[in-house]
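Enquirer: UniProt numbering applies: residue 1 is where the sequence shown begins, and numbers increase by one.
Just so you know, these hints were derived from the structure itself, not from any lab.
Each hint should be verified, as a subset may be incorrect.
[To be verified] Label-pair distances were calculated between CB atoms; the ranges are:
id : residue 1 : residue 2 : range
1  : Asn12     : Glu226    : 41 to 49 Å
2  : Gly169    : Ser45     : 20 to 28 Å
3  : Asp193    : Gly60     : 39 to 47 Å
4  : Lys201    : Trp21     : 43 to 51 Å
5  : Tyr129    : Pro155    : 27 to 35 Å
6  : His46     : Leu197    : 15 to 23 Å
7  : Asn188    : Tyr37     : 44 to 52 Å
8  : Arg120    : Glu27     : 30 to 38 Å
9  : Gln47     : Pro207    : 41 to 49 Å
10 : Ile118    : Phe150    : 24 to 32 Å
11 : Gly169    : Asn84     : 15 to 23 Å
12 : Asp59     : Leu18     : 34 to 42 Å
13 : Gln24     : Pro189    : 14 to 22 Å
[As the list claims (entries may be wrong)] Below, simulated EDC-like cross-link-like pairs (lysine to aspartate or glutamate); rule was C-alpha separation at most 20 Å, straight line:
id : residue 1 : residue 2
14 : Lys103    : Asp56
15 : Lys202    : Glu115
16 : Lys202    : Asp187
17 : Lys103    : Asp131
18 : Lys201    : Glu149
19 : Lys94     : Asp56
20 : Lys103    : Asp61
21 : Lys202    : Asp131
22 : Lys202    : Glu157
23 : Lys103    : Glu115
24 : Lys94     : Asp152
25 : Lys202    : Asp152
26 : Lys94     : Glu64
27 : Lys94     : Asp138
28 : Lys94     : Glu41
29 : Lys202    : Asp138
30 : Lys202    : Glu226
31 : Lys94     : Glu27
32 : Lys94     : Asp131
The beta carbon of each residue, even a glycine, is placed where N, CA and C say it ideally should be.
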Amino acid sequence: MGSVCIEIIEGNPHLRSLLGWHLQQLEYRVHQAASIYQAREVFLSHQPTLVVLDADLPDGDGIEFCRWLHRQQQPLILMLSARNSESDIVAGLKAGADDYLSKPFGMQEFLARVEALIRRKRTPTAPAYLDYGTLQIDLVQRRVRFQGEFIDLTPQEFSLLYVLAQAGGVPLSRSELLRRAWPDAIDNPRTIDTHVLSLRKKVELDPRQPNLIQTIRNVGYRFNMEILNSNISQSQTTKLARERFNNQRSTLSSSV
């Protein structure tokens with residue numbers, strides 16, 4: 001990993017040093033900046049592969065600087081922010097960020113996000129449109145396309161799917177999913193189970209044996225990123241289409 005250069009732009013000196021130390025333990029080359037002025041100089045001097053960018057900097061708007069970064073050599077951008085509303089996340093992604101991590105966050109999740117971004121081959125997709133192989137999430141139109149078909153999701157199912165996918169395969173607890181995906185505070189973590197069950201019925205080939213949204217015992221749920229990039233056999237695709245057709249026909253018959 002020594003050939004990978006990472007720039008950390010973070011106004012909090014303690015957090016900046018902590019992130020830098022952990023990245024250096026993984027043998028990344030790390031350069032740090034505390035302000036937009038310093039960040040611009042570091043970027044032009046070192047041309048980092050990945051920029052870890054705080055959205056709230058002391059001398060300017062991190063969102064605007066993200067747009068500037070995106071116009072350069074298009075480095076990978078991981079945005080950090082204490083703002084965790086859907087509108088803030090969408091604004092960061094539209095500005096050019098490849099991923100968005102809300103503060104406070106765990107160090108293991110941060111490192112997993114960094115590694116996932118570096119592994120991922122950057123593709124020329126439009127901002128606010130996430131492409132995970134057989135799954136595409138349009139954050140502007142709030143539409144999901146899975147295996148070539150648009151999936152009809154409720155607003156809450158969409159938010160839950162987005163948060164799971166954005167985690168890049170990192171397991172998330174029920175409490176964490178409630179914090180990230182729900183607009184209002186909810187005290188019942190089992191709400192997640194109900195929505196995951198509903199979501200599985202729409203995106204799994206066999207909801208009784210889920211492969212995409214996996215249950216992690218004593219933790220919560222994770223999104224199986226590996227299966228999205230695997231080749232889906234023609235028989236599986238045909239089976240899925242046939243099952244959806246039969247379900248729609250049964251619904252129409254029952255309504256007559």
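Enquirer: Give a verdict on every hint.
Expert: Hint check results:
1. Asn12 - Glu226: 41 to 49 Å: 34 Å, violated
2. Gly169 - Ser45: 20 to 28 Å: Once the Cβ atoms are compared, 33 Å apart, the range 20 to 28 Å for Ser45 and Gly169 is violated.
3. Asp193 - Gly60: 39 to 47 Å: Taking Cβ atoms as reference, Asp193 and Gly60 lie about 43 Å apart, which means the hint holds.
4. Lys201 - Trp21: 43 to 51 Å: 45 Å, holds
5. Tyr129 - Pro155: 27 to 35 Å: 18 Å, violated
6. His46 - Leu197: 15 to 23 Å: Given a distance of about 48 Å, which is not inside 15 to 23 Å, the answer is violated.
7. Asn188 - Tyr37: 44 to 52 Å: 47 Å, holds
8. Arg120 - Glu27: 30 to 38 Å: 19 Å, violated
9. Gln47 - Pro207: 41 to 49 Å: At roughly 46 Å between Cβ atoms, Pro207 and Gln47 fall inside 41 to 49 Å, so the hint holds.
10. Ile118 - Phe150: 24 to 32 Å: 31 Å, holds
11. Gly169 - Asn84: 15 to 23 Å: 20 Å, holds
12. Asp59 - Leu18: 34 to 42 Å: 22 Å Cβ-Cβ, so the 34 to 42 Å window is violated.
13. Gln24 - Pro189: 14 to 22 Å: 36 Å, violated
14. Lys103 - Asp56: 11 Å, holds
15. Lys202 - Glu115: 30 Å, violated
16. Lys202 - Asp187: This hinted pair is violated, its Cα atoms lying about 26 Å apart.
17. Lys103 - Asp131: 24 Å, violated
18. Lys201 - Glu149: With Cα atoms ~14 Å apart, Lys201 and Glu149 stay inside 20 Å; holds.
19. Lys94 - Asp56: The hint holds at about 16 Å.
20. Lys103 - Asp61: 17 Å, holds
21. Lys202 - Asp131: Holds, because 18 Å separates the two Cα atoms, which is no more than 20 Å.
22. Lys202 - Glu157: Measuring from Cα to Cα gives roughly 10 Å; hence the hint holds.
23. Lys103 - Glu115: Satisfied, since the Cα-Cα distance of roughly 18 Å is no more than 20 Å.
24. Lys94 - Asp152: Between Lys94 and Asp152 the Cα gap is close to 23 Å, so the pair fails against 20 Å, i.e. violated.
25. Lys202 - Asp152: The hint holds at about 8 Å.
26. Lys94 - Glu64: 11 Å, holds
27. Lys94 - Asp138: 11 Å, holds
28. Lys94 - Glu41: 24 Å, violated
29. Lys202 - Asp138: This hinted pair holds, its Cα atoms lying about 17 Å apart.
30. Lys202 - Glu226: 19 Å, holds
31. Lys94 - Glu27: 31 Å, violated
32. Lys94 - Asp131: Holds, because 14 Å separates the two Cα atoms, which is no more than 20 Å.
Hint compliance for this structure: hints 1, 2, 5, 6, 8, 12, 13, 15, 16, 17, 24, 28, 31 are not met, and every other hint is.
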